[in-house]
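All the letters of the sequence shown, read from the start, carry residue numbers 165 to 283 under my numbering.
These aren't lab readings, by the way, just hints derived from the structure by calculation.
Don't take each hint at face value.
In silico lysine-lysine, DSS-like type, Cα no more than 27 Å apart, as pairs [said to hold, decoys possible]:
| no. | residue 1 | residue 2 |
| --- | --- | --- |
| 1 | K195 | K230 |
| 2 | K230 | K259 |
| 3 | K259 | K209 |
| 4 | K195 | K259 |
DEER-style ranges, computed between Cβ atoms [unchecked claim]:
| no. | residue 1 | residue 2 | range |
| --- | --- | --- | --- |
| 5 | R176 | H277 | 33 to 43 Å |
| 6 | D273 | V187 | 14 to 24 Å |
| 7 | K209 | L181 | 17 to 27 Å |
| 8 | D213 | S260 | 16 to 26 Å |
| 9 | A226 | E263 | 32 to 42 Å |
| 10 | E202 | A226 | 14 to 24 Å |
| 11 | L174 | D228 | 32 to 42 Å |
| 12 | T268 | V183 | 14 to 24 Å |
| 13 | Q180 | V215 | 11 to 21 Å |
Since the model is a prediction, treat every value here as computed from it, not as a measurement.
In this text, a Cβ means the ideal position worked out from N, Cα and C, and glycines have one as well.
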Amino acid sequence: MTVRCDDLILARMDAQLIVQVIVNLIDNALKYTEQGSEICVSAEKQGGDAVIRVTDNGNGIADDMKPHIFEMFYTGKNTVADSRRSFGIGLTLCKSIVELHGGTLTLTDNVPHGCIFTL
165 MTVRCDDLIL ARMDAQLIVQ VIVNLIDNAL KYTEQGSEIC VSAEKQGGDA
215 VIRVTDNGNG IADDMKPHIF EMFYTGKNTV ADSRRSFGIG LTLCKSIVEL
265 HGGTLTLTDN VPHGCIFTL
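Could you put the whole structure together from the sequences, leaning on the hints where they help?
Put into structure tokens, the structure is as follows:
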């Protein structure tokens, strides 16, 4: 795993909750990507905002699943993590925490494969 943060970034937030969001995103990346995949956590300042990204180069999320990943209890189908199936509440809670801080949590594709979660 790689962590990148070039500058000190100060932001008003409940640090414990935001750390929990980041931990959940990293945990998902570890669970849903194959062993040996690269995971990167980066932080940067954009204007007056702190932007944090959790990026992986795994298989990504199928297009038909993307509209549902932030829905409560949605777990989709993933053969990599089937033995460690979750309840489908983690991303919903993460999104709620980020939104309560006035931000957004988004998913984009990491071209050529993988995911980028940005908050």
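Status of each hint after checking the structure:
In summary, the hint linking K195 to K230 is supported, as the alpha carbons are separated by about 17 Å, within the 27 Å threshold. Between K230 and K259, the direct Cα distance comes to roughly 14 Å. Compliance with the 27 Å bound is thereby established for this hinted pair. Proximity of K259 to K209 is assessed by CA-CA distance (about 20 Å); at most 27 Å being required, the pair is judged to hold. In summary, the hint linking K195 to K259 is supported, as the alpha carbons are separated by about 19 Å, within the 27 Å threshold.
A hinted range of 33 to 43 Å holds for the C-beta pair R176 and H277, which are about 35 Å apart. Taking 14 to 24 Å as the suggested C-beta distance range, the pair D273 and V187 conforms, at roughly 23 Å. Checked against the hint of 17 to 27 Å, the pair K209 and L181 passes, with Cβ atoms roughly 20 Å apart. Between D213 and S260 the CB atoms are about 19 Å apart, so this pair conforms to the stated range of 16 to 26 Å.
Distance hint for A226 and E263: a CB-CB separation of about 25 Å, inconsistent with the stated range 32 to 42 Å. Range check, E202 to A226: Cβ separation about 20 Å, and the 14 to 24 Å hint holds. A beta carbon spacing of about 40 Å between L174 and D228 agrees with the range 32 to 42 Å that was offered as a hint. Against the hinted window of 14 to 24 Å, the Cβ-Cβ separation of T268 and V183 comes to about 18 Å, which satisfies the hint.
Against the hinted window of 11 to 21 Å, the Cβ-Cβ separation of Q180 and V215 comes to about 20 Å, which satisfies the hint.
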